[in-house]
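Participant: These protein sequence lines are chains A and B, in that order.
Numbering of the first sequence is given in my numbering, commencing with residue 1 and proceeding in unit increments.
Numbering of the second sequence is given in my numbering, commencing with residue 287 and proceeding in unit increments.
Just so you know, these hints were derived from the structure itself, not from any lab.
Mixed in with the good hints, there may be bad ones.
Stretches of chain A that chain B covers, calculated by requiring three or more beta carbons in the stretch to come under 8 angstroms of a beta carbon on chain B [what the hints assert, rightly or not]: (1) 32 to 39; (2) 214 to 226; (3) 250 to 263.
Glycine is no exception: its CB is placed at the ideal position from the N, C-alpha and C atoms.
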Amino acid sequence: MNTQFWLTQAFNGISYGALLFLVGSGLSLIFGVMRIVNLSHGSYFLLGGYVALSVIWTTGSWLLAIPVAALTIAVVGVAMERVFLRPLGFDPLRQVLLTVGFAFLFQQAALDIWTGNNFDINPPDALTKSIVVGGLYLPLYRIFMIGTALVIGVVLWLVMEKTRMGAAVRATVDDAQMARGVGIDTSRISMLIFALGAFLAALGGVIGGAFLGIYPGLDFEMLPIAFAVVIIGGMGSLGGAAIGALVVGLADNFGKALFPEVSYFTLYAPMALILAVKPTGLFGRE
Amino acid sequence: MKSQHIKVLIVVAALAAIAIIVPNTNSFVILLTTRALAFSILVMSLDILLGYTGLPSLGQAAYLGVGAYLTAILATRYQFGLGYDFWLVVVLGILFAAALAAIFGLLAIRATGVYFLMITLALGQCAWGLAYRWNSLTGGDNGINLRARPKFGIDLANEVTFFYLVFVLFAVSLLLMYTLVRSPFGRSLAGIRERELRMKILGYNTWLHKYIAFIIAGGFGGLAGVLWAHTAGIVSPENVVLTTSVDALLMAVLGGAGTLVGGVIGAFIVFGLREYLSTLVPWWQYALGAVYVLTILYLPTGLMGIPERLRQRRAATGNREDVKKMAPVTS
Chain A
1 MNTQFWLTQA
11 FNGISYGALL
21 FLVGSGLSLI
31 FGVMRIVNLS
41 HGSYFLLGGY
51 VALSVIWTTG
61 SWLLAIPVAA
71 LTIAVVGVAM
81 ERVFLRPLGF
91 DPLRQVLLTV
101 GFAFLFQQAA
111 LDIWTGNNFD
121 INPPDALTKS
131 IVVGGLYLPL
141 YRIFMIGTAL
151 VIGVVLWLVM
161 EKTRMGAAVR
171 ATVDDAQMAR
181 GVGIDTSRIS
191 MLIFALGAFL
201 AALGGVIGGA
211 FLGIYPGLDF
221 EMLPIAFAVV
231 IIGGMGSLGG
241 AAIGALVVGL
251 ADNFGKALFP
261 EVSYFTLYAP
271 MALILAVKPT
281 GLFGRE
Chain B
287 MKSQHIKVLI
297 VVAALAAIAI
307 IVPNTNSFVI
317 LLTTRALAFS
327 ILVMSLDILL
337 GYTGLPSLGQ
347 AAYLGVGAYL
357 TAILATRYQF
367 GLGYDFWLVV
377 VLGILFAAAL
387 AAIFGLLAIR
397 ATGVYFLMIT
407 LALGQCAWGL
417 AYRWNSLTGG
427 DNGINLRARP
437 KFGIDLANEV
447 TFFYLVFVLF
457 AVSLLLMYTL
467 VRSPFGRSLA
477 GIRERELRMK
487 ILGYNTWLHK
497 YIAFIIAGGF
507 GGLAGVLWAH
517 TAGIVSPENV
527 VLTTSVDALL
537 MAVLGGAGTL
547 VGGVIGAFIV
557 FGLREYLSTL
567 VPWWQYALGA
577 VYVLTILYLP
587 TGLMGIPERL
597 RQRRAATGNR
607 EDVKKMAPVT
617 S
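Looking at chain A on its own, in the form it has when it is part of the complex (with noise of 0.2 angstroms):
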């Protein structure tokens, strides 16, 4: 337990928050503007990483597997939204139970298709390799999860403070009915808001793909953490997500490395706790 074991377990902890923030960002929007809490956002990130193998097995190229499987994903998650979600009109369980009735048929086509095996992402080798600061071994791939996570924070923050789209959005998650009496298509907003949310899940899967592995059953473990994000950094704020996923991406690996025993219980109790003393999240918008 030394100083270098601090560090490496921090580094961790912090590349793998950086995929929870993209998985985490999205659920956290869709539920900020159509209050729905999205249980096959799972089962998006697994099938993002099955999409991206396709691409890579029939192409080779890495590069061109990320956009196609998120783009892919983004149409189904709008799909979805279109034709099932949005008709129910505002009821919050059967929108929940019809999420949850996709991800388990989203489970058995993915299993059809690529089979139960367990297979793993490739990265192109140059992001393979480690570098060394200060005696600590860095994976470069990790170095990029960061950085990815980094970039599609600034941008969506720069959209949803910066733009009118983004007040429109902000606008939604804060009143929705107010927002629609001042002439903003709440109808469209959730439209895009699944969209992204959706994309940023799939692009999580096709990166988280090459360290966790993609394999059935992957989504509803994916699941769960994506929520601790969510409910720790609070709903429908941007700058919460990316709290939120730090703190769960440190919890998790801090958690694993030092109480094995009880790792996920150090995870999913604060959640609780969090939510019983204030249920719209650390940093919640109220």
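Dock chain B against the given chain A, drawing on the hints supplied.
Facilitator: Positioned in the frame of chain A, the structure of chain B alone reads:
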């Protein structure tokens, strides 16, 4: 009032039919029915929260887990609960699960709607995390294998005997829960479901009502767990995982929330599809997913709501004919 009597008679007749027919079928059907009955107790316990109190819980599997792990740990470590002391395990399973619900409830009850869903998800994941990781107690990912079923005068290793045991405990649970929801307490739960604020204004302590309902549901979940452990012969994190809670919720909704019996029907359909259809066709899970999606889209009141919807439709078309008859007069 009379239609209520008819409904009760139908349920009693259906239960009698199960008790008579199932033991005379093959062991596959007996095992399937036993599993479905044991799990039905969990689904009904969830229905008390979902259908009667309006609290959609996504962590009900935690209580199943407490009952199941308690049974497995006592049986394999201390050889406890394999004779007459099985009944003590039943009581302990109920008490432990109710105690866990009492702790979880303190955190969860204040939340409503989607937030209740999330907080019960988080609490359920706490239970799952312990089951999955606490290797020295729970056997981790591998779970715990139960080598034998209890023997006390009757031998529960015999599948027909065991079926009857589960059946009787199921029937008792159904009766107790039915009595509960028909009691004044159950009526006030329904009042909270419909409009909590009004109940508060009328002077009801709604928090306490919901808290007690939560604990009772947990206790029944524990009973389901004890039975499940001996039914399946293995207890693993699979029993506590999020998808198990989701399954229970979907079964309740599929059959019709707020009916108790609906959840049982939902459980039988899902177990039937899963275990029977899966031996016939590879696409069984599509069928299951489609059943869920279609139910939620087109049958928000579940299968139990079908007669009511038919009646409404008939009434609606009847009215339209009346209107048609009236039309020439007015024009």
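Participant: Each hint should be assessed against the structure and marked as holding or not.
Facilitator: Hint check results:
1. Coverage of the stretch 32 to 39 of chain A by chain B holds [criterion: at least 3 residues with CB-CB distance below 8 angstroms; count 3].
2. With 3 residues carrying a beta carbon less than 8 angstroms from a beta carbon of chain B, the stretch 214 to 226 of chain A meets the three-residue requirement, and the given coverage holds.
3. Only when three residues or more bring their CB closer than 8 angstroms to a CB of chain B does the claim for the stretch 250 to 263 of chain A stand; here the count is 4, and the claim holds.
Checked against the numbered hints listed earlier, the structure breaks none of them; every hint is satisfied.
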